[in-house]
Each structure stands twice: as structure tokens, then as C-alpha cells.
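Q: Single-letter residue listing:
There are 2 protein chains.
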Amino acid sequence: MTSDCLYAIIACASGLGFLVILFLNLRIASVKVSDTKAAKIASAIRSGAMIFLREEYKIISTVALVIAGLLAYATQDLYVPAAFLLSCTISMFVGFVGMRAATGANVRTTIAARDQGESAALLTAFFGGGVMGFAVASFGLLGLGIVFYFSSELSHFVQIITAFGAGSSLVAFFARVGGGIYTKSADVGADLVGKLGIPEDDPRNPAVIADNVGDCVGDTAGMGADIFESYIGAMVSSMILAISANADFNIVTLPLILSALGLVGSAVGIFFGYFVKQAPAALLRNATYVAMTAFLGYAYAYMSYMAIDLVYFVAVIIGCVSGVAIGMITEYYTGGKPMVDVARSSVSGAATNIIYGLSVGMESTVFPVLFLSGATLIAFNFGGGLFGVSIAAVGMLATVGITMTVDAYGPIADNAGGIAEMSGFDKSVRKITDGLDALGNTTAAMGKGFAIGSALMTSVALFNAFAQQAGIIAINVIDPKVLAGVFVGGVMPFLVSALTMRSVGDAALKMVIEVRRQFKEIVGLAEGTTDPDYASCIAIATKAALHEMILPGVLSILAPIAVYYSLGIEALGGLLVGATVVGVLLALMMANGGGAWDNAKKYIESGELGGKCSEAHRAAIVGDTVGDPFKDTSGPALNILIKLMSVVALLLVS
Amino acid sequence: MTSDCLYAIIACASGLGFLVILFLNLRIASVKVSDTKAAKIASAIRSGAMIFLREEYKIISTVALVIAGLLAYATQDLYVPAAFLLSCTISMFVGFVGMRAATGANVRTTIAARDQGESAALLTAFFGGGVMGFAVASFGLLGLGIVFYFSSELSHFVQIITAFGAGSSLVAFFARVGGGIYTKSADVGADLVGKLGIPEDDPRNPAVIADNVGDCVGDTAGMGADIFESYIGAMVSSMILAISANADFNIVTLPLILSALGLVGSAVGIFFGYFVKQAPAALLRNATYVAMTAFLGYAYAYMSYMAIDLVYFVAVIIGCVSGVAIGMITEYYTGGKPMVDVARSSVSGAATNIIYGLSVGMESTVFPVLFLSGATLIAFNFGGGLFGVSIAAVGMLATVGITMTVDAYGPIADNAGGIAEMSGFDKSVRKITDGLDALGNTTAAMGKGFAIGSALMTSVALFNAFAQQAGIIAINVIDPKVLAGVFVGGVMPFLVSALTMRSVGDAALKMVIEVRRQFKEIVGLAEGTTDPDYASCIAIATKAALHEMILPGVLSILAPIAVYYSLGIEALGGLLVGATVVGVLLALMMANGGGAWDNAKKYIESGELGGKCSEAHRAAIVGDTVGDPFKDTSGPALNILIKLMSVVALLLVS
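Top to bottom, those sequences are chains X and R. For what it's worth, the numbering used here labels the leading residue of the first sequence as 314, then goes sequentially. For what it's worth, the numbering used here labels the leading residue of the second sequence as 314, then goes sequentially.
Everything labelled a hint here was simulated from the structure, so no lab data went into it. It is possible that some hints are incorrect.
One copy or two, it doesn't matter: identical chains are merged, so the pair holds either way.
Within a straight-line C-alpha distance of at most 30 angstroms, the following computed DSSO-like cross-link-like pairs (lysine-lysine) qualify [stated by the list, open to error]:
#, residue 1, residue 2
1, Lys833, Lys925
2, Lys823, Lys353
3, Lys823, Lys650
4, Lys823, Lys915
5, Lys650, Lys856
6, Lys925, Lys823
All chains, please: the whole structure from these sequences, using the hints.
A: Written out as C-alpha cells, the structure reads:
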């Protein structure tokens, strides 16, 4: 293949992506916001989200500029810091685009549910998520394509794309941790306020807008940056492995081509969802499967045509299958028998609910890890060695356009329900949005499985790229230094989890105190005649999130540097292994445990085991509240921690 | 040194140990049980404990005989299975001796508190713990000495002592898991019953005797078997390392000699406690320090006299210091500011209490792991290489006589309080026993820190012994097979924790149902005019514990075998690394989180933050109940899991 041909493919695929984004935005805008109250609430949510994003981006930009300066100084080169800053900019821009769409689609989903019924509402939320999905895929591909265009001939190309990967990691970490702390401090705060007799979604609850903003900044923007990072990380690490092996041009560019083909496949999937009428659950699922099938077809055609060794196609299949399989296991633990066990255990109180939830979370790590280990081994043995392992990660993430769409759909549906409630819409509207929201919980579980699966595969790929670049043949754990590195690496996920969980707890407590103050001081609030001061709650969440995201971020960047300079390069490899193993396990436990608690509460609310307001329900609320920071703050932060540390290590040695 | 001289030292030291045991038993027996009701209760506890022990030992013996048969078949040798069975027998016998003393000392502590006051009560409980401590040390030393006597000249001596280590691991795992499930199903059950308005220690509570039995079988017998295993494991692994390095007789026998000197030091410590009058807290602490100082003095004298390289003395010091330091860190997290934070967080409900408790548990892993990693590196670099690392483990465990004494003191004091309550003794008696019990909680935290620290060091030593025996120079984590092994190893602690936590939950639920049944069906129970059916609760806990300990045990033994035969020997090394890192971190989190929850509840009960029956107290009870299986079932099971898997691996390759 010529390089012109490559650029043409990248340009076409990302151009198609931009057209899809335009189309989706037009479809969303076609729903008119015909209700003043709903419009007012939606605008409060949007402005809260945008304010947070602006403040967050200020901090991230400052850190990014400092690091870019250090990179320029250390490398005496401008390409490296430029690639780093380009990636940071794209990641933040993608977050902005996706967030705008999500905060426009939420209220329109509510309106569509009222005026046109379930399927229109479903499509509106689905399209809202689609903007984020396609933004991640198109801008990511285009960005890496641009870097390739300008620097693939340079001798330090590996350094440059590593810097590009590092930029996405940096933004992802802060966006995930900051967004995660924001969303859960508001959510936990709103839950705790529930004990005062004010439901979570009640317009009298001063934390309610902050809670809805949180869904956007955590689950939409945070998740987008997370997946963007995996997407870039998988491509970058496989390109590095190919380059280290002196592979030819067709192999080095394979990750880019596969991602381009995956983007086209995702477009097929989303239009399938648009044109083929089907039940909501089927739509989300089938769109994914159709996209994946189309992608696999294109990939096979391309690789046959170019006479690329088909072992790599095996690796691609392994990646796709693993993503789906991990998603299914996640669904089982968060929606199947284990979840029902957690619900049952609530009958005897909060303590047993917590014990069972933790137990389910821990057990749920077993099959995904065994499965991913097996997949990695198969990809290694039958999919073309280490490069095959990284291609499996690329394959898993190639259809990110559609998987991210399904993922970002969830918080929009959740928000839509809140808006319906606060605007005083008819109960039938709430029923539709509740149905869509429940579906979103399942897809979110699937999305989290995907995020963890891709994080694992990407970090294994990054780890191998690191070893190649460092020129080390063996990282020997019998060496006490390496073993010490493994232990230090293993500690990091525990430390980051501890810090982020406590941050959520602290911020939630402040939120509760503020809400109590408002109920005491604002006359007419309890009766619903005066509006609460939503802004002060938003300010609390914003401040806490921005303040508390710094320490874990700095520690995660410093740990690899400290180990490298004190114990050496092999110990740094040990650090990555320890962090990856412990991080993946903890992240799985937290995501699935949290999901099981959440759904167990919903299961009881659906009328089982005594229903709402029973003793079991009260116990289940405790579990749900504990699960909130598990699944939406600490767990996701770990996915990025392991990639961030790998990228920092890679940067250190290249 | 001649071998005669070695045997003389071992015989003298263990003989001294037996004399101490005799003396302590006589001192305990000198307190006459002058109260019929207390005597009746104590005898119910003792018979419950003995019944459980008998049933448990039946199962363990069956498994042990099967394994011995397999060993005989595989090795075509009788020494190997004989050493294995000898070790099993000694471990069980030690558990029996320690348990008898503990179930005799508990009631006598109550009586001494009533008739003679605090310091007599303290000494009675202390001596009760001492029997377990000195039994572990003396029988362990003597047993390994006997094995050395009969087989040190044989070519497969390494195999034989590995089998001896494996026996202690097998018993330890079952005793810890079985005892842990027993004690916590009874405790959680009794806690949950508290919600019916019946306090935990109330004689009308049918689960109360089972709860007291649980303290004995879990915290006394289980802990004893656990520490016994570390003690043996440390000696065995360092002897193997010395033999692999073709070291001379004085070096190979150094672990035995150090343990003998530690036993003498422990005797000095216990008599210091007996003769020097001091406050309870000071006594427990000073006895440990005196014993350690004496031991270090003897060790220095011996090594100088024998002209043994003093780098190994550095290793011994590192071991002792590490044990104390980990204990101090544990004390800080379970009794210092972090614990108070957990108590404060209870004010806003159970959810925040759980979030903070988990966060404290996670954070508490950081310093111990960094410290132990540093200690291991120092021991390696300045204490004589890999053998130095294992000698540090031996040094940490040499004074096991006294550290185990302090540890086993806790449940006796706890039991004493329960007996005082049930026998209707004056409140002043209860006040004394409560004080001793509270002290026991701190020392138990220290003991757990010790157990984890020694488990880590022992398993690092075992791991190195494994690598030496397997003749592998490198366990390279870049190899995907090894990495897969690391992941599978990392999953095991999560799986074992999940299983054991659920077992406790299930059994506790059964217990609650049974208690509710009794209150419904037994006329006069609520009024206190009829006795409850204690035996049925004991039967539930016994059955659950024996039934549920099998699966985790079998999985832990099979996992290394499966990985060895499917992925090879390097992957088996990876498995050990993964299991050790994850196991140590989870065990620390569980032990310290559980301790912090427990003490936060007690802190509130002492009148802080609203005191008993406040909302904060109710929230703290939830945390305490969750912490119970954390700190006394799952966490401790992990200490043994990592050692058991290492020993199985060692057995596979030798």
C-alpha cells in the first residue's frame, strides 16, 4: 500500500464519522423543547456541566503545558511536545462535543417520550450517545493520522506517538477521576438526603441538578476520555511493536486501517439502529453486533486483498469476541442470579447486603480474568505473537464508535428521567424513561466490562511495547528489586481507590450539610413554594472534584518515575505488572459489585422482597450508596491508572 | 558445630518450652472455679470447642492421609509422607493443647477478676495465651529437629522438609478457614440477633455459646495453626536455600538454632511479665520487647562465637524490626486517627461508614508493603542475599512463643467478659474484663500485622526456595504464559475471599433463622425463665464451617497443580507472585479495615459521637458486622493461601 492510499482511507473514514456526527446532531435538534420548565432545568444542567468542564480543562491544560515544556526540554525537540498537546486538545474537544450533545439530547428524550412515545425517545438518547461515540472514533483516528503524516519518516517517531498516547492518558485520568468524584459526591449526597424524606429526583432537593450534571461529566465526558485513551493506546502500542520488529509498512499501518474500518462498521451499526425498527434492548444489542460483523467483514476483505498474514485476523476476532464475552459475564453478575442473591441478602439488613455485594464483586473477577488470560495466550500463540496481542486490543476497540454510543446512551436516559420528574410530567412519561434508564444500566455494565477488558489488553500491549523499547529481554521476578517493583505497583491501585473513595465520602458529607442548611434557612423549600439554591451544591461538587483529582494524578505519574530512578528499569517493569494485575482485579470487583448493588436496589424497588420502603429496601440503599463510588469513581480510575503508568514508563524509556 | 551439639540445643530449648507450658498450666489451674453457673457455661464452651475440633480434625486427617498416600506413591519413599503426617499431627496437637488451656483460662480469668482484681485476671489470660504460644514454638522446633535428626543425611532431605512444611500448611488452611467461618457465622449471627433487642452477650441469646466457642476455634486454634505454619515455613525455606547454595553445616542449621534461641528469649519475656508488676498494656508490650532483646543478644553471641558471617545478624534484626513496625502501623490504622475518621463517618449513616472503612483498609496497605519491600531489599543487599531474606523471616518468627502468647490472650479476655455477663457477675467484674478485652483488640491487630508480615516474608522465602529447586534462573513476566500465571494467581485471593465471605453470610443467616425460631417456639425464653437451645446453634456453625472449608482448600491446592501442568513451571512461578502480591494486599486491607470498624464501634460505645444506641452506633454496627468476616475469616485465610500455594509448588518441583 502507498502512504497516499492510507491517508485517503483515514480521511474518508473520519470524514464519514463527521457526517454521522452532523446527522445525529440534526436528528436530535429536530425534537423541539416545547416545555419551558423542562427547558429551564435542562439549561441548568448544561450550564453546570459546561462550567465544570471549563474549570477542569483549565487545570488539565496547565498540567499539560507544564509537561509539554518538560518534554520539549528533555527531548530538545518540538514534535514530541506538539504530539502530546495535540492529543490533549483532541481528547478535551471530544469531551466537549459529546457533552454538548448529551446535554441537548437528555431533555429532548423526555419531550420525545411525552410527545412521540418510547421508540422516538430511545432513538433520541441513542443518537445523543452516538455523537460521543463517533467523536471519539473520528477525532482519535484523524489525530493519529495527522501525527503519522507529519512524523512517520522521522527517526524518533516512536517517541512522538508515545507522547500522543501520553496526552490522551493524562486527560483521561483527570477527566475520569474528576468526573467520577463529581458525579458520585452529588449522587451519594442526594441519596443521603433521601433520608430526610426528599426523594433523589425531587425538584426540592438542592443536590438534584448537581446529580444530573454529575451523570454528564462522569459517565459521558469521563467515560469518553477513558475509551479515547484505550483506543489511542491500543493503536500506539501495536505500532510501536511493529516498528520494533522492523515490520513492513502494511503491518505498521494495520492498526490505523483496522480502526478506520471499525469506524465504517460502526456507521453501518448506527444506521441499522435507525432504519430497522425493533425493541429497545434488541436495538442496542443488534446495532453492536451488526457493526462488529461489518467490521470483521471489511477487515477480512482488506487483509486478504493486501495479502497480510491472516493470523492477525485471528487476533482481531479474539479481540471482538473477548469484548462481547466480558460484557456478557458482567451482565450475568450485575443482572443475573448473583444480583438476586445480593437483593435477598438485604432482607436481613445492610451488613449482609454489603457482605454479599463484596463477595459477588470479588467472585466476578474470576471468569473475566481467566478469559482474558486465555485470549491473550491464544492471540500470542495463534494470532502473531506480541503484535497479535496488541492487534487483539485494536480489534476490540475498532468498533468504539458503536460501543461508546451504547455506553453514553445510559446517562442521557437517566437524565431524561430526572427532567421528567422535576418538570412534573405525567407518570406515563416517567415510565418510558425509567424503562430506557434500566436498559442503560445493563449497557453501562457491558460498557464497563469493555472498558476494563480493553484497558487490560491495552496495558499488556503497552507493557510489551515498553519492554521492547527498553531493550530488556526479561523482567525477572526472582530479582528482589523487580519483586519490590511488583509490590509497589500493586499498592498503587489500593492507594488511588482509597483516596478517591474518601474524596467522594468527604464531598458527599459537605453536600448533605449544605442541603440541611438550605432546608433550615430557605423558607418555603420543604413545601415546594421556593426554589432551592442549586448552584451552591454544584459549586461544592465542582470544587471537591477539581481539588481531589490532583493528588491521585500526581502520585500515578510520580510512582513510575520514582521506581525507575531508585530501583532501575526492570523494577519499573515489575511495577507495571503489579499495577496491572491488582488494578484489573480491583476495577472488576468494584464495577461489578457496584452494578450488582445498584440493580439489587432496583430489583427490590420493582416490588420484590417487600418493595420500596421495606427493610430490605433500606438495606439495599446502603449497598447502592457504597457501590456508587465503587463503580463510577474508584473502579474506572483504576482502568486509567494502569494505562497512565504504562505510558509514563514508555515515555521514560523512549 | 557438631550435630550432637545441635540436637542438644534443640532438646534443651524445646524442653524449656515444655516446662514453661507445665508451669503456665499449673498457674491457671491454681485459680479455682468457685461459681457453678460460670463453671457450667465454661464447660459448655469447652465442649463445643472440643466437638468442633474433633470433627474438624477428622476431615483434616482424612485429607492428610489421602495426600500422604499420593506422596508415598509419587515419591516411592516413606520419609516424605511420614514427615508430612508428623507435621499435620503436631499442628493438630498444638491446636488441641492451646485450646484446652484457653477454654480453661477464660472462666478462671473471670473468677480472678472477681476475687483478686485486674492484675490476677490479666496474668490468667496471659498465661492461657502462653500455653498456645509455647506449644507452637516448642513442638514446632522439636518436630523439625526430629525430622532433621532422621533424614538430614539423605539425598532427598529437601523433599522431606518440604513435605513437613506442606503438612503444617494443610492443617493451617483448614483450621483457619474452618475456624474463621465458625467464629464469624456465630458472631455475625449474634450481632444480627441484636436487632431483636437481645444483646450479643445475653444468656437468652441462643447463639451466645456458639459465639464464645467461635472465639476459641477461630482466634485461638486457627491463629495457632497459622503462626505454626509460618514458623515452620520460614525455617524450611531458609534451610532449602542454604542447602541449594551448598552452605556449610553451621549455616544450614542456623534457622533451627535461631528458633531455639528465640524460644529461650520468649521464656525470658514471659517470666518478666510474671515477676515485674506493671500496667496491663505495658506488660504485654514489654514482655515482647524483653523477649526480642534477649533473643537478639543470644543470636549475636552465638553468631560471633561460631564465627558466622554477621550479615545474617543484620537480617535477623531486620526481621524483628519489621514485625514490630508492621504492628505499629496496624495499631495506627485500627486505633488512631483513621479509626476515629471511620467513627465520625458513621454519623451520616451506614453507607459512609462502609465507604470510609474500606478506604482506611485500602490505604493501610501502603506503608506495610513499602516497608516490607524495603526490608526485603535491605535483607537481600546487606543481610546475605536470598538466604538473608529468609533469615529475616526466621528472625521475625523466632520469638513466636511470646508474640503468639500476646495474640492468644485476646480471645481469652473476650470470652471472660462473656462468661461474666452470662453468669450475672457484678458490673465491676465486667468492667475489668472489658478493659482486658479492649487491650486484646489492640494486641490482636498487632498480632495480625505480625501474621501478615511473616506470611509475606515466608512466602517470598518459599518462592525463592521454589525457584532454586526448580532450577529456574528467571521468571520472566514478559513471557505471556508467565503473565497469565500472574493473573491466575492474582484471582485466587479474590476467589477465596468471595467464597469465605459468602459462607459466613450464609451461615449467619441460618443462625438468625434458628434464633428467631427458638424465640417463637420456646416458651419463656424472652423472659429468661427457660434456657435456649445452645446446642442447635453450635451445630449450625460447626456444620457450616466444616462444609464450607472444603472448596477453598481444594481450589488452593489444585490451582498450582493445574497451572504447572497446563502452562509450565515458569507460569507456576508467576502464579505464586500474583497470589502473593494480591493476597498480601487484600489480607492487609481486610485485617485493618475490619479492625478499624470494630474499634470505631467500640469508640462510639465509649460515649463518643452520641454513644450507644445513637444513629452513629447503629451505622457502626453495620461496619463492625461487615468487618467480622474481613478480619477473622477471609483476611487470615489469605495469609495461608499464599503460603499453601507456595508449598504445593515447592512440592511439585522437588
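Q: Each hint needs a verdict: does it hold in this structure or not?
A: Status of each hint after checking the structure:
For the homomeric pair Lys833 and Lys925, the shortest alpha-carbon distances inside one copy (27 angstroms) and between copies (27 angstroms) are both at most 30 angstroms. Taking the shortest Cα distances, Lys823 and Lys353 sit within 30 angstroms of each other inside one copy (26 angstroms), while across copies they are farther apart (53 angstroms). Taking the shortest alpha-carbon separations for Lys823 and Lys650, only the inter-copy value of 20 angstroms comes in at or below 30 angstroms, while the best intra-copy value is 37 angstroms. Both within a single protomer and between protomers do Lys823 and Lys915 lie at most 30 angstroms apart by alpha-carbon distance, with minima of 27 angstroms and 26 angstroms respectively.
In this assembly of identical chains, the alpha carbons of Lys650 and Lys856 lie at most 30 angstroms apart only when taken from different copies (25 angstroms versus 40 angstroms within one copy). In this assembly of identical chains, Lys925 and Lys823 lie within 30 angstroms of each other by CA distance both inside one copy and across copies; the values are 27 angstroms within and 25 angstroms between.
Going through the hint list in order, the structure satisfies each hint without exception.
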